[in-house]
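Got two chains here, each in a separate frame; can you build the complex from them with the hints?
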Amino acid sequence: MSTTTPVKRAKPRFTVSLRQYGILAALAIIIVLFQILTDGRLLLPGNVNNLIQQNAYVLILAIGMVIVIIAGHIDLSVGSVVAMVGAVTAISMGSWGLPWWAAVVIALLVGALVGAWQGFWVAFVGIPAFIVTLAGMLIFRGLTLVLLTGGTISGLPSEFTAIGAGWLPAWLGEVGGRDVLTIALGVLTALALIVQQLRTRATLLKLDLPREPIVSLWVKNGIAAVAIVWFAWLLSGYSGTPIILIVLAMLILGYTFLLNQTVFGRHVYAMGGNLFAAKMSGVKTQWVDFFIFVNMGVLAGLAGIVSTSRAGGAVASAGQNYELDAIAAVFIGGAAVTGGVGTVVGAVIGALVMGVLNMGLSILSVDAAWQMTIKGLVLLLAVAFDIFNKRRAGGR
Amino acid sequence: MEHTTILRMHNIVKDFNGVKALNGVSIDVVRGEVHAVCGENGAGKSTLMKVLSGVYPAGSFEGTIEFEGKPVFYKTINDSEADGIVIIHQELALSPYLSIAENIFLGNENSTRGVIDWNKTNREAALLLARVGLVENPATKVLELGVGKQQLVEIAKALSKQVKLLILDEPTAALNDEDSAHLLSLIEHLRGQGITCIIISHKLKEIKRIADTVTVIRDGKTIETIAMDGPDATEARIIRSMVGRELNNLFPPREPKIGDEVLRVTDWTVYHPVDTARKVVDAASFTVRAGEIVGFAGLMGAGRTELAMSIFGRSYGTKISGSIFKNGNEIQMRTVDEAIKHGFAYATEDRKRYGLNLIGDITVNVSAAALGKLAKWGVIDRNREYKVANSYREKMNIKAPSVSSITGKLSGGNQQKVVLSKWIFAGPDILILDEPTRGIDVGAKYEIYGIINELAAQGKAVVVISSELPELIGLSDRIYVISEGKLTGEVAAADASQETLMHYMTAGKD
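The listed protein sequences correspond, in order, to chains G and E. At position 243 of the first sequence (counting the first as 1) the number is 243 in this note's numbering, and the numbers step up by one without a gap. At position 415 of the second sequence (counting the first as 1) the number is 1415 in this note's numbering, and the numbers step up by one without a gap.
The following block holds chain E by itself, in its conformation from the complex (with noise of 0.2 Å):
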């Protein structure tokens, strides 16, 4: 394959009313090849995308952009998508009610004189399908399919746009290992097709794993670009330019008091709230000492969030039946406020959907959960409130102006601080903290994993539900596994290693 520059970006700066999201980025990307674009929250990747995509027009910034040798200026998304250059973001945009044919030609339909082609439609998408690896009816609703399908549906939309360059941001966040396994294979097959890529990644294993060369970016800056084959192709160089300072170890150190039992789960099980024949969380029994740190694996679907979501105020599910017990004695929860009331927490996994007011600012949200203490025969007592909300600013370290910057224009580990903030505001003895770190760079992860430490170290029991593997390991002091809605396992963390845990989690399926 030859060897020629497919995208240049050069000096690149961006403002928004002064304040320099891109200051100079420069960022070459080769044809053919896997590009990743790494960078703490706020580093400017996105921003870097949509200049890039025509999302931000030719003319509100400076610096050149040449896409196959010629210089390009896009108005909009439409103009990039023209010359090949698709982007896949990270909220996939799919409409729920159509199907998946349907989707793939949104807006690029097979149609004479307006009227569409239905056997071509489904034809071409059968065959699209295939290239991405997806074993689906085009007919099916797109509301069917998980969030790991509906990825591949993306790509084979930008695919039957006849894209050169593929962008994406993010693309293994929602995903399981299984789905971001497969998508990761996709993706070098899709090299192999001559395909070029831009992957947006924090996940360092996975850049290790199919990048060619990786530029990082810091304070809108490309600090440095490293091609994968080299000798500085390593994790803890990636991450030094990223954060611009050294992790020393991972996890911050930690020395676990753990006392008595205060939550004990028994007999849980929950059947799903519409297919109701279906039991999501099948008999599961469990644990949580004071200032123990208990984590949860299991694969995505294994009923880990319906687990938590059922137990918080009966939020998720029908026909609940167990107990619960809280130091010693059974309660009941059969709404979020009576779960807060007994000192429960649940921090969900999907933060903007179930977790923040995303046009309230960072006041409304830190004092969300816990308004009563905050009022005196149901008035707010505003200026305490303001200055609850700073503390939280300051103690989180959230970055941004003030406490009335609002929360949809944070980045995402400075909106899950605000979240953790609300409920740690709310006091809670137990803390159950969904995905906590999802889709957060890794210097925020380290800040939360401090967080998550010192409330333990208060004595509060906190529940882990993660993911990644490692997290887990190294944040947890024991370690439950679950798997199609059965607890499997149970591992304490000095015991567990990826490959046992792993076992556990197929331990249901053949």
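Just chain G, same shape as in the assembly (with noise of 0.2 Å):
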């Protein structure tokens, strides 16, 4: 064999894709914009604190749906999951006289059961994703409405109202009227951030891989920090610290750890690259594509319990074009239509893109009518973009 020619230090492997930070810097853009243009009306407490709360639902599915769609399927059944299971919820504390706790159980147990049902169908009876959940559609609203005859459930106990639409209580007091337990976590976690960067560089410097250049290290954590304590700062002028935004911080991470750090994280990603190529490298990928299923089931229960938690009932017309919302976010956020691409990071910024338009316009009072065609043409444009860059970027 010839000899190797000495590499020079190889790029360092983690860089975030130029798309991510496509994303991330047009997410900035549009809030800068209609900071402007609702004269700073955007960034309100109370705003900032309705984005979380209005949006965690989209964020919730479209972490699931990220992973539906790296594996290179679809799930358009999301929305009728969330209306179904918020009238399992309902009806189970409502009706039944639940305490809430078992309510939430049962929800995610339905979700659960959803779940394994269309990945049964798709996984090992073979068919494609996109019918078995354009039946799940209409099998999970039918079965709202049949679950609904009563009409409207309201009443909710307030332990389980808190869920989407509380706040953690101000332990450490006030200050100012700022919620000091907000800005710790702010403060806090930035720090986590920081530290955990600088431990698995650290680890790499020991193991001798190659690393980030600890400039850009310090520059990229640095902002990220700075803006996690701004955001805490915003809160804490509101009411505090969402509920749900730590149920989501907890899903990011622990997804992204799934989808980075696991074998079937892996899994996902090789079989949306070459799914062939991932049975002959012996990925169990039925299986694989049940529990994806599984576990959009789940994400979609929680979706139910938190929206339904937050509209304080359940109606048989929730969750509307909910599906349509989470896909539309994957692929703001950077996913491949063909699949093998994508990441929950950059789902939940393309959720958080969608978020802050519909509420930048409807602090502008734009009609909803406008409101809809403004962000259709937002996703035809993320997408159309992205493939520009690949192009430019010299893809084959």
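By construction, these hints were calculated from the structure, which means they are not laboratory data. If a hint is listed, it holds; no wrong ones were tucked in.
Covered by chain G, according to a simulated footprint, are these stretches of chain E (three or more residues, beta-carbon under 8 Å):
| no. | stretch |
| --- | --- |
| 1 | 1356–1366 |
| 2 | 1382–1389 |
Derived DEER-like restraints, expressed as beta-carbon distance ranges:
| no. | chain 1 | residue 1 | chain 2 | residue 2 | range |
| --- | --- | --- | --- | --- | --- |
| 3 | G | 50 | E | 1427 | 49 to 57 Å |
| 4 | E | 1378 | G | 198 | 22 to 30 Å |
| 5 | E | 1335 | G | 388 | 37 to 45 Å |
| 6 | G | 388 | E | 1069 | 34 to 42 Å |
| 7 | G | 257 | E | 1335 | 26 to 34 Å |
| 8 | E | 1077 | G | 365 | 46 to 54 Å |
| 9 | G | 388 | E | 1499 | 54 to 62 Å |
| 10 | E | 1335 | G | 169 | 48 to 56 Å |
| 11 | G | 287 | E | 1321 | 20 to 28 Å |
| 12 | G | 370 | E | 1127 | 57 to 65 Å |
| 13 | E | 1144 | G | 126 | 20 to 28 Å |
| 14 | E | 1378 | G | 213 | 29 to 37 Å |
| 15 | E | 1378 | G | 187 | 29 to 37 Å |
Pairs of lysine-lysine residues, derived as DSSO-like cross-links and limited to a Cα-Cα distance of at most 30 Å, are as follows:
| no. | chain 1 | residue 1 | chain 2 | residue 2 |
| --- | --- | --- | --- | --- |
| 16 | G | 279 | E | 1141 |
| 17 | G | 220 | E | 1387 |
| 18 | G | 284 | E | 1409 |
| 19 | G | 279 | E | 1341 |
| 20 | E | 1387 | G | 284 |
| 21 | E | 1376 | G | 284 |
| 22 | E | 1221 | E | 1409 |
| 23 | E | 1373 | G | 284 |
| 24 | E | 1141 | E | 1279 |
| 25 | G | 279 | E | 1387 |
We treat Cβ as the ideally placed atom computed from N, Cα and C, and that holds for glycine.
The structure is reproduced here in structure tokens:
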């Protein structure tokens, strides 16, 4: 064999892809734009708080959906599942008198069952997910209507409504009208981020693996840390930390870990990249598909809990078009239509882009019809921009 | 015939983000000749053809192109096709669910005001099929044809466009000997009709047979142009120009150290997955010993790949019967996962379709079949994964800037090395390598032979399936021949000649 040429210090392997910076920049631009257009009303503490609480369901659904889409599938049923789970939760508390935590457990179980049902047809029978979940969209909407023949169910316990519409208590008191706990959480998160990044880098240094230049690491995480603390500062001026924000943060961390660091996550990417090659490498593709849908079902169940909790009751029309919001968020966040590409963080940013647009346009009292039109165009442009970028980057 | 230059490409320079893929290539093609272009992986052959056909538009490269005496500036493939330059890629570009006739006239339909004249289409298609010597109904769907016939449809399509210069990229890479021979005589036939051909090929025998002139490209530069009727026209000379060093012998030396029997397969019978009445493999029995390299010869469609895939976790076929013994104990492998756990590895013949995640980087491909080795409680140690991938990059001499390089952008030889790395990392006892050197240049082939020898030296049982008989003879200790699903012969490599193998390969046929 010939001699290997000495290779220069390889590029850092975890550079966030350009597309993800692109979408982050787009989010920043949209925020600044609406901040100017609304004379600073966009980032009023109350609005920032609402941005989180109003969009929590999209964020949750987008996290499940990005996994489905990376694997090369789609799920059109999540909106109906949200409605059905909402109905079940409300009934279990209202009619059966179950405590709120039991209702939550039942909701997640129902979600898992729905996911297992759809996963069975997709993975083991081999029906394309588009068809299975289109059927699911009708089936679960229909069942919701059956469950809610008595009409809307409201009057849910306050512990339950707190999930989607409540805040952490002011355990550390208030200073100058600001919630100290929220600020403390913000500072701690920022510190944790920096410590974690530095420790990762130290490990890479010890193992002599390629790593990011220290300057870019500090700049990137410095900006992120400042953004986190500023965000916490804004929230502290309203009612403090929304409970759902804690749930979301855990989901984002957990699912990023799942996709990046686990065998399951790797199998999802491998199947989206080349299903045949994954099969021939020993990946149990049917079971991976099955669990992707079970997971989507559980997250749809969670989204059902959150939206029912925020609405304070269950209605048959709940969750309409939620699947489209989630799918749009995933694609705006840089996932590939052909599968194999996408990230949790991208999907979350995509959902925030849609959320900020919604809020900004609402503050400007733009008509709902126009809001929808504008959101559609943004989705199209985001994906077009992405494709244009990929071509310019010299794809084949 | 007039002896004029039909194509002159002068001093072509093309760079991709500062990396020069072509660095001053010049090539003169004489009208009516068959002109071969040779070179190692990444030498720039394909890039050169893309420059010529307008895939890379005029202006995105330096240098000049003259076609039929006039400077040309193609912006798209349509521009070059309008001048009669047609390129047939290695990966055929036919639409499987359309008929032969529809494919031939795709984008060039016989129509009046958008309505297709089917009689004319089928009649003309039949004439074109006759010209390329393909006996098929023009209404037959392309998916029903084998690769060899599909290639002929591509050429018929080119002829329908009044082709003057036909470019064939590795035309026989996926063909069996029969189909290759047919294709080569067709090219000679077309030359007789005044069609100029550029053929990109690694197969020196082929080049010797049909080329009038050979241009060798290395590192994006023209090394030399050799007239094949001259004294320089030897295989050794061409190889030397391609790799820039002497290949003393085509196969690295090896001392076989053969141990106990590792694999025994008995009465293995497999039926076709769709046409379930058809036996694809018929009562095949064979053994492989530790440290032994066993070759499998057979014409395309003889059942070699089907035999291998059905053993490897039943990934092919239905109604599979027979027994597999490993180290004397009978084992069951119902899934690929079980096969891997039993110490089997199968590197597919179609690495792009079955072997690699092309949008993934080298790291994820190398670890794909043995993630369990790198994970604890389902969590991957990515630092170790990186180190493993990097060690294979160095050990296997995979030419890529880093293990973060996307495998889809590597050359065929380097992709094959990634596939081999993946299976070697899985730590198998039995490796089945299906066409391990297909579409790979001479230098990389030599390296892959070295890797195979090393695996055998480590005591692994190695099965090599190959269409190239010299390769099987040079590499194996023992060769089985399969014909129409049956094992028709077993030959010690020392006694094997291409003639004896071919005799067994055609044994089932009259």
